[in-house]
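Please build the complete structure, drawing on both the sequences and the hints.
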Amino acid sequence: MDFPILSVILLSPILGALISVFIPKEESKIVKSVAGITTFISLALTVIVYYLYYTQHLATGGMQFTEFIPWVSDLNVNYSLGVDGFSLPMLLLTNIIGFNAVFSRSWSVEKRGKEYYILLLILIAGVMGTFVARDLFIFFLFYEVVVIPIYIMVIIWGSGSKTKAVTKEYAGMKLTIFLLIGSAFLLAAMIWMYMEAKGLRGGAATFDIAELAMVKFSERFQIIAFGMMAFGFTTLLSMFPFHSWSPDGYAGAPTSVSMIHAGVLKKIGGYGLIRVGLFVLPMGAIAWAPVIAILAVANVVYAALICLAQKDMKYVVGYSSVSHMGFVLIGVATLNLIGLNGAVANMFAHGVMSALFFSMVGYIYAATKTRYIPDLGGLAHQMPVAATGFVIAALASAGLPGLVSFVPEFTTFIGAFKTSSQLIHVLAIIALTGVVLGAVYVLRMVANVLFGPRKEEWDHVKDIHGSYWIPVVSLIFIIVLFGVFPSLLMDMVNSGIEPIAAKFIQAATQIGGNI
Amino acid sequence: MVNFALENAWLIPFLPFMAFVLIALVFKPLPKVSAFVAITCMLTSFVLAIQIGIGVFLDAERFIEEPLKHTFTWFSMSGLTIEMGTQIDPTSAMMLFVVTLVASLVQIYSLGYMHGDVGFSRFFAYLSLFAMSMLGLVIAPNLLQMFVFWELVGLCSYLLIGFWFFKYSAREAAKKAFITTRTGDFGLLLGLLLLQINFGTLDLVKLGEMIPNFTQYGLTASGLTVIAIILFLGPIGKSGQFPLHVWLPDAMEGPTPVSALIHAATMVVAGVYLVGRSLILFQTVPAAMTFVACIGAFTALFAATIAVTQVEMKKILAYSTVSQLGYMMLALGCGSLTASMFHLMTHAFFKALMFLGAGCVLHGMHNELNIWKYGGLKKYMPVTYWTFLIGCLAIAGIPPFAGFWSKDEILLVTYNMFAHGHQPIYLVLFIMAVITAGLTAFYMFRMFFICFHGELRDEHAHPHEAPFSMLIALFVLAALSIVGGLVGMPWLEHPFGYYVRLGHFEHEAPNYFIMFGSVIVACIGIFTAITIYLKKSISHEALAEKYKGIYTLLYNKYYIDEIYLWLIHNVLDGLGRFLWWVDITIVDGIVDGVGKSTQGLGSILRRAQTGKLQHYALVLFAGVVILVVIMAMTGTSSASSMLGGVR
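Chains as they are written, first to last, in my numbering: chain G, 1 to 515; chain V, 516 to 1162.
Since the hints were made in silico from the structure, they are not lab data.
Just to be clear, a hint being listed does not mean it is correct.
With beta-carbon atoms standing in for the labels, derived distance ranges [stated by the list, open to error]:
#1 V/Y1062 / G/G160: 57 to 67 Å
#2 V/G1089 / G/R201: 54 to 64 Å
#3 G/V145 / V/V1097: 26 to 36 Å
#4 V/E724 / G/K216: 40 to 50 Å
#5 G/D2 / V/L1087: 54 to 64 Å
#6 V/L1082 / G/H465: 39 to 49 Å
#7 G/A59 / V/H1022: 55 to 65 Å
#8 G/V47 / V/W525: 27 to 37 Å
Partial list, computed: chain V residues near chain G (C-beta under 7 Å) [said to hold, decoys possible]:
#9 M592
#10 K690
#11 I694
#12 D1088
#13 D1098
Here a beta-carbon is modelled for each residue, glycine too, at the ideal position from N, C-alpha and C.
Structure (structure tokens):
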């Protein structure tokens, strides 16, 4: 067996968490360094894996760097890892954000710093696990691992809002309950699928996603099971009307949790929806696609309009994240290669861009002790570096070409128009107005927070300094790199999505309809 | 050298980009070095652009037949391939020349104008980034690359309008510019998507061959018309056409060199250039072309009427830019690439000249904006006076100045659409264009006499001439405003239109009726201005009083800004506030309701129970799995033996 590089990537933050346990709690700086080093190791190894896959395996595609250890043999549950062109961008995203989250400033982490970083490391490892799991059971296990630290982190280190009567306890509870209800449906669908597959395969049980995808489930089963799964996954992806946990949760959470949650954790929803929902249950996806498309457009337009009315920076970014997930869902609903490529690339793009956004908002909040937009203004005078990061995040959010999010959005829309469904064409045109609304709300916030006359009350605040430089520089670098050279991302995504998109050409011939 | 330039045209946008990166990352603390780097790169690009111009000029037939293209794949997947690269043909070569020339002059001018500003380095970084974006747009071989750089010039415009971000008005103007043009870009992007879907490519040359045979691609004429009009929304926004013109006058909040470079000579003509590049699309469907012509002519007249009453030099020039852009659109709406590109070029010369002149005045008058505070500036700033006069004569259309030839060309093609194309609506447009010509001459000389003649009205002011570094640009641009139009003289064997054209070249006989007519109209405008503002035979105050209603309407720009503001604050924001209320009260309300009442939760869960045995088995199984997991995690006993028992 080769060097188990994926396991090492996965275990590095866990190891960091274990080491941290033995560090005295007064030394939270050392804990932070441990967290930084272990997440950096994961990041560096992931970059190597990405590079190797990009240069060597792109043509053949498929799962590479696989690891397989039997675990519960009677259920045929296996510790089975691997990455392909779909999971690698997500893994890379997790590591980029995880590493930068450690160095992002949050207003309240000074207290109980040690526990904070330990939970953060567990959280990062859990998210990574979902993306490298080839076994559905393991996937689900990692997903559940993620929910618990989030809850604790929000209610201990979170904050309330000035614009909405929400406490951090409420926000944390709402977020957790939503995700747990969603995951209950997931679990039920998963087990049902396991049983059904066992019957169809003549008693040979499996949780392996690729093997499940080869099972010919009945159409009726697919429709029901996909419905349950889609409920679970789209709740996590904050699809309208199951989105309301997301702005509250992000607003309440400390900076790094917002970054990880908006950046990668909710992408598990999109990842699962495509990897499990679309891949294993294509006929179910065909039946549900129009519903997803309609709700997706509601996401884009509804959330963007709500952003216009927000006066709390974190709520603007929170609702904007809901709005952006609409673009992802439209891509999913196209069920064709181009649209799905767009959806996946969009998940990556939104990940880095919202991480930078939350990082900058969190920094400003920590420095000024307020997120209330009318209190702020003219901050470009006192913090030019943070302002630069803020503006770039805003422009990426508005889909400016040359930054990471333009090509994914363009591709998504091409995919939407390539479908033969008139409904999706109309919906895509409506969703395109989100491009204008997106510019309106981010530029308003930029203007009101950063520009305008100097306010002397903020003369005492310090601009980005010390290790806070790390997220600004590295996230801007990623945003520009993938914006200028989109094929670094698109080629990878394409190789991962091709087998999934192929299912729909098959499925279409099976049910004799058009998609 | 010529061959090197032709083969490496990518260097032209790349050099300013390099300057931007160097300034942003390295030289920002050193203002003088920053400026030096920016100007050096810009001038090198200018030299390369001239080489390309020479190459194209010497071998024009070849470049007209088949543009010189270099492309690479930006990204691709099955069914979608997007390329980037360069395309050299006479039109792009002309634009490269104009953009690099004006950009170089403006950068040199800025050495003086921005001297001592805290953001000196930042200013040159932005100007370089802008030059890169604009040149990337000009040189684009396909519409997607145009769109990419189109958005980037929009970004630079945003950054430069808001350059003095500490000013409330500048920050608002920057935001307004970006959002207004973005509104138009919604249409442009949609149009591009529809073209890509239907024709499978956005390559300019390929589209040019495919679009005339649109029926082969399953499109109807009305479908293609809709695509063309949707696409045209982008240029309406970018080139300040009615009804999205509102951002351009406000954009004057930026430093004056920016107004000259971006909001007069280059970026705002991107819309004209884009329509020119995709003119075949509009020519194929005449209804779309008429639409373009109507928007253009209306905008020309509409903006000219507003310019008559404004009291700030830069605002007048801004409305005049909107009006002249309308002319260019009108020419495109007549299917004449030649006339619009010709006017684009001459306009770049004389409008940049006038903006830079206005910059000198502002510099000398310590940023006093109101022209009624000026007066008699002729005495204090003679160079500015004479060069500004040249600009005014050029825009008014007095021969042999540049504007005369290009404006005449536009009037001619409009008239020909009526006379030879037998489309009566073009007669209306022609009349509108002629009235605009008269108004243009009037408002320009109104401003000119108020500013430069008479006595200085502000007693506290100490006007002085600008430093030499600022005057260089004025000399060059004044010279070009005099002779720049001669290349388009209709008596030449190979005039401007021989090079920059679409389709076959036909020598068009000069129409002396229109030529003399337009000069007479311009002279009427000038003499009216002389009567009112120089000789003061008629009191302008009395006139304003007499036509108070119209005057107020024009002075307030037809209240269009107010209407938009009302719509945004009440309709759009109102909708946002309403939906937020819905989100908090209804969506959240349901969630909280469900959460608080177990009964409610129970009633939902009950629906999940279908009464089927397999579902109950499923729930049972779920319990087992959870048990197994717990045991596997704790490792207390052998999970498999336990499971065996259950089975």
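**Asked** Any hints this thing doesn't respect? Which numbers, in order?
**Response** No numbers; nothing is violated.
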